Amino acid sequence: MKKNKDSVIDYLCSVKLAIFLLIVLSVTSVFGTLIPQGEPLNFYQERFNPTFFNLIKLFRLYDAYNSWWFLTILNLFSVNLICCTLKRLPLTIKLLKKNILDTDAEKISRISMKKTIDITNNNDYSSKIKGILGNTKSKKLDDGSEIITSERGKINYLGVYILHSSILIIFLGGILGAILGFKGNLMLLEGEKSSRIINPRTSEEIPLGFEVRCDKFAVEFYDDGRMPKEFRSDLAIIDNNLEVLKTQIIVNKPLTYKGITFYQASYQSVPEISIEIEKKNNKKETLKLSAFDTINIPETSLSLGILQFLPDVHGVPAARIWISDGKNFTDAQWVIKGKSKVFGIGTEQEFKIYLSEVTEKFMTGLQVKKDPGVWIVWLGCAGLIFGFIVVFWIPHRRLWVLIKDNKILIAGQTNKNQFQFERDFDMICKKIEETAKV
Amino acid sequence: MDINSSLLLSLTTFVYLGAAFFYLLVWVFRLEKLGIAATLTATLGLFLQTTGIILRWIESYKIGIGHAPLSNLYESLVFFSWITILVYLFIEYRLKNRVIGAFSTPFASLAMAYASFSPNVEDTIKPLIPALKSNWLIAHVVTCFIGYASFAVACGVGIMYLLKKNESFKSSYLINSFPEIKALEDLNYQTIIFGFLWLSIGIITGAIWANEAWGTYWSWDPKETWSLITWFIYATALHVRFAKGWGGSKIAYFSIIGFFSVLFTYFGVNFLLSGLHSYGAK
Ligand code: HEM
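So the sequence lines, in the order shown, correspond to chains A and B. Each residue of the first sequence is one higher than the one before, counting from 0 in numbering that gives the first Met the number 0. Each residue of the second sequence is one higher than the one before, counting from 0 in numbering that gives the first Met the number 0.
No wet-lab data here; the hints were simulated from the structure. Note that this is a predicted model, so its numbers are computed, not measured. Glycine residues also receive a C-beta, built at the ideal position from the N, C-alpha and C atoms. Take the hints with a grain of salt, since some may be wrong.
[Unchecked claim] Chain B residues, not near chain A, derived (Cβ > 10 Å throughout):
#  : residue
1  : Leu30
2  : Glu31
3  : Lys61
4  : Phe116
5  : Ile128
6  : Ile180
7  : Lys181
8  : Ile192
9  : Ile200
10 : Ile203
11 : Thr235
12 : Gly247
[Claimed, not checked] No more than 30 Å apart at the CA atoms, straight line, and that leaves these computed lysine-lysine pairs for DSBU-like:
#  : chain 1 : residue 1 : chain 2 : residue 2
13 : A       : Lys56     : A       : Lys106
14 : A       : Lys228    : B       : Lys249
15 : A       : Lys415    : B       : Lys32
16 : A       : Lys106    : B       : Lys164
17 : B       : Lys125    : A       : Lys15
18 : B       : Lys95     : A       : Lys192
19 : A       : Lys114    : B       : Lys181
20 : A       : Lys127    : A       : Lys326
21 : A       : Lys287    : A       : Lys257
22 : B       : Lys132    : A       : Lys15
23 : B       : Lys95     : A       : Lys215
24 : B       : Lys164    : B       : Lys32
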């Protein structure tokens with residue numbers, strides 16, 4: 000039984016499991032790229048046959064990357080990584096502590112990459128070799144011989160740890176962001192402000208803790224007049240009734256306030272309709288409102304609303320308008336720009352209504368996000384790259400030089416990029432050989 | 000005739016095809032003397048192409064929609080072939096062996112030929128939608144493509160390794176001129192490592208860009224996911240050495256599978272999975 004348990008733990012620590020999990024992740028990540036993600040269930044029901052639809056439902060393939068099985072694989076992957084790291088750490092510490100001068104002639108001669116040079120004169124080889132190698136340590140042996148060592152890149156052993164823990168740090172950042180952060184949309188008309196946003200998934204409102212106002216929105220087009228060149232919103236932040244910040248955002252240049260970031264995401268143009276009302280006493284009144292809006296008619300208890308709006312009916316705009324006294328509604332009538340219609344409710348109140356002007360008003364579409372984990376993710380990314388460079392481009396290289404009798408024995412070892420090291424080793428041997436000839 | 004970028008880049012296609020042809024001749028017929036011609040042709044192509052890319056950049060500013068020439072499929076193919084030739088010429092210089100050229104310059108010339116002649120690839124200079132206007136995007140494309148080009152070379156070298164390793168080709172005249180099996184294994188591994196580093200940086204810069212543009216560093220978009228799948232495949236290759244008895248052949252297979260994944264990330268996602276989800280503001 001004990002043995003069984005050990006072998007499970009061994010497997011959890013193994014690179015074999017890591018390879019298996021990496022392959023499993025490669026394969027399972029494909030599903031979500033083939034099946035559209037995040038659509039309502041009936042979308043899949045219409046498109047796929049019933050068996051396949053049931054599979055999609057069972058394995059949550061409509062939200063594959065948040066499904067229980069995918070998260071299980073990721074968890075197993077993390078556990079594997081942690082176990083493997085913990086298991087190897089003591090070994091690495093031992094390697095780091097190792098002093099390469101703790102050796103003898105016998106051990107040096109057993110290293111496979113080595114070269115022997117005959118000495119013919121009585122030069123002070125020791126100091127010359129130290130000069131060539133740099134960063135050396137040495138010791139004299141009882142028999143009069145000397146061992147000189149040179150070592151570089153011990154940090155290499157830590158590289159893999161930096162790299163692997165960075166992967167876990169990225170996961171951590173992602174999890175923190177998911178727990179402590181939020182994301183939502185906000186549509187603001189020019190001049191409008193809001194202190195809450197809508198979560199698009201749940202339609203819940205999320206309070207911001209301050210207000211944001213859109214003062215102006217502008218969209219600029221390329222010369223072809225169709226493709227947008229830039230979207231700009233002038234935003235103001237109002238905190239505790241104080242206007243604390245005014246700035247312009249464009250796509251790729253968001254605004255961050257108190258950890259909450261506002262991105263320029265989209266826009267909508269909303270027609271603003273000017274309506275002229277002529278009362279019985281010839282008194283004229285102009286009202287401005289947007290489509291689908293309702294407004295009170297001044298000096299009356301009536302309200303007026305626009306049910307429908309068409310920007311172009313034979314070249315002119317038209318709106319379908321109704322009037323209500325709170326209980327009764329008039330029929331909604333189409334009013335075309337330039338012509339009037341008479342609306343009546345009861346007998347006393349009759350109005351002539353004109354549609355005098357239609358202007359365009361913009362509504363800026365903001366993506367709003369709070370993600371306190373993002374810096375942890377970037378830290379992990381930096382660590383990943385740094386660790387990777389350490390692992391592969393700062394190899395641990397060791398050289399031993401044994402000066403004994405009338406021979407110099409040079410031996411070298413590296414843990415990475417043997418090929419390059421062999422070349423460098425030859426270079427060093429040549430240099431030492433030259434000093435021997437002088 | 001006016002010299003413009005399209006002319007230079009079309010010319011590059013033919014020069015690269017010529018270089019690939021020379022490299023193949025050098026390999027197949029052992030025409031060592033042609034080796035210099037092959038290298039010179041490839042270098043000439045690189046020079047023409049570099050000029051072409053710079054000119055295209057300048058031209059985009061002249062028509063008032065200035066941006067780095069890295070914004071669409073055509074431009075990325077041109078950049079891919081440019082960087083592949085650059086990586087290859089560097090390896091030729093280091094290893095002093097031209098046989099690898101027969102396995103990597105064809106990738107570059109095919110990419111150029113596809114960019115220049117396929118009706119699927121639009122080669123006019125187009126303005127950028129606001130979401131694509133970001134320096135992070137340039138960093139993203141450049142780093143990804145350095146990775147892709149290294150993987151292309153790794154794939155070529157992997158194929159060479161497997162051919163050289165195969166017993167039945169032991170005495171083959173064509174395979175004999177390959178570099179030593181050890182050197183191929185090492186080069187295969189080194190190019191994977193190099194590519195992996197750049198792909199990692201590419202994925203990260205892409206995430207930074209996405210975070211800047213719409214506040215999500217990772218959204219499991221098909222293109223993103225496929226680049227991650229590619230990353231997983233090469234990560235597997237890096238670990239394969241530590242599992243017992245899995246030597247150079249396994250890594251060579253991974254470099255070939257990995258490159259298919261690169262190709263799918265690059266083309267497949269655009270042509271086969273398009274319409275599911277695409278970047279850019281509405
Ligand atoms: C996608 C995630 C991963 C990446 C990018 C990654 C990357 C790397 C790299 C670049 C190396 C160095 C290879 C070399 O020295 O030749 C390495 C080594 C290693 N990895 Fe991973 N790794 C990942 C996941 C894992 C996991 C889940 C494990 C779990 C056991 C693991 C275990 C190891 C081990 C044991 C080594 C050898 C360390 C040594 O040199 O002593 N890796 N990894």
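Taking the hints in turn, this is what the structure says about them:
1. Listed as a non-interface residue, leucine 30 of chain B keeps its Cβ farther than 10 Å from every Cβ of chain A; the least gap is roughly 28 Å.
2. Annotated as non-interface, glutamate 31 of chain B keeps its C-beta farther than 10 Å from every C-beta of chain A; the closest such distance is 24 Å.
3. With a least CB separation of 14 Å from chain A, lysine 61 of chain B remains clear of the 10 Å interface cut-off, as annotated.
4. Phenylalanine 116 of chain B, annotated as away from the interface, keeps every beta carbon of chain A farther than 10 Å; the closest lies near 27 Å.
5. With 10 Å as the threshold on Cβ separation, the claim that isoleucine 128 of chain B sits away from chain A is violated: the shortest Cβ distance comes to roughly 6 Å.
6. No beta-carbon of chain A is positioned within 10 Å of the beta-carbon of isoleucine 180 of chain B; the least distance is around 13 Å.
7. For lysine 181 of chain B, the shortest C-beta to C-beta distance to chain A comes to about 8 Å, within the 10 Å cut-off, and the non-interface label is violated.
8. The non-interface label for isoleucine 192 of chain B is inconsistent with chain A: the shortest C-beta to C-beta separation is roughly 5 Å, within 10 Å.
9. The beta carbon of isoleucine 200 of chain B sits about 6 Å from the closest Cβ of chain A, which is not more than 10 Å, so the claim that it is off the interface is violated.
10. At roughly 5 Å from the closest C-beta of chain A, the C-beta of isoleucine 203 of chain B falls inside 10 Å, breaking its exclusion from the interface.
11. At roughly 4 Å from the closest C-beta of chain A, the C-beta of threonine 235 of chain B falls inside 10 Å, breaking its exclusion from the interface.
12. No Cβ of chain A approaches the Cβ of glycine 247 of chain B within 10 Å, the least distance being about 13 Å, so the stated non-interface status holds.
13. Between lysine 56 of chain A and lysine 106 of chain A, the direct Cα distance comes to roughly 64 Å. Violation of the 30 Å bound is thereby established for this hinted pair.
14. Between lysine 228 of chain A and lysine 249 of chain B, the direct Cα distance comes to roughly 49 Å. Violation of the 30 Å bound is thereby established for this hinted pair.
15. Between the alpha carbons of lysine 415 of chain A and lysine 32 of chain B the distance comes to roughly 36 Å, so the proposed pair goes past 30 Å and is violated.
16. The suggested pairing of lysine 106 of chain A with lysine 164 of chain B is violated, with an alpha-carbon distance near 35 Å, which exceeds 30 Å.
17. About 48 Å separates the Cα atoms of lysine 125 of chain B and lysine 15 of chain A, which puts this hinted pair outside 30 Å; it is violated.
18. The suggested pairing of lysine 95 of chain B with lysine 192 of chain A is violated, with an alpha-carbon distance near 68 Å, which exceeds 30 Å.
19. Between lysine 114 of chain A and lysine 181 of chain B the CA atoms are separated by roughly 21 Å; this keeps the pair inside 30 Å, and the hint holds.
20. Proximity of lysine 127 of chain A to lysine 326 of chain A is assessed by CA-CA distance (about 106 Å); at most 30 Å being required, the pair is judged violated.
21. Taking the CA atoms of lysine 287 of chain A and lysine 257 of chain A, the gap is about 36 Å. The hint is violated against a cut of 30 Å.
22. Taking the CA atoms of lysine 132 of chain B and lysine 15 of chain A, the gap is about 43 Å. The hint is violated against a cut of 30 Å.
23. A threshold of 30 Å between alpha carbons decides the hint, and for lysine 95 of chain B with lysine 215 of chain A the separation of about 63 Å lies outside it, so the pair is violated.
24. Simply put, lysine 164 of chain B and lysine 32 of chain B have alpha-carbon atoms about 27 Å apart, close enough for the 30 Å limit, and the pair holds.
Of the numbered hints listed earlier, those contradicted by the structure are 5, 7, 8, 9, 10, 11, 13, 14, 15, 16, 17, 18, 20, 21, 22, 23.
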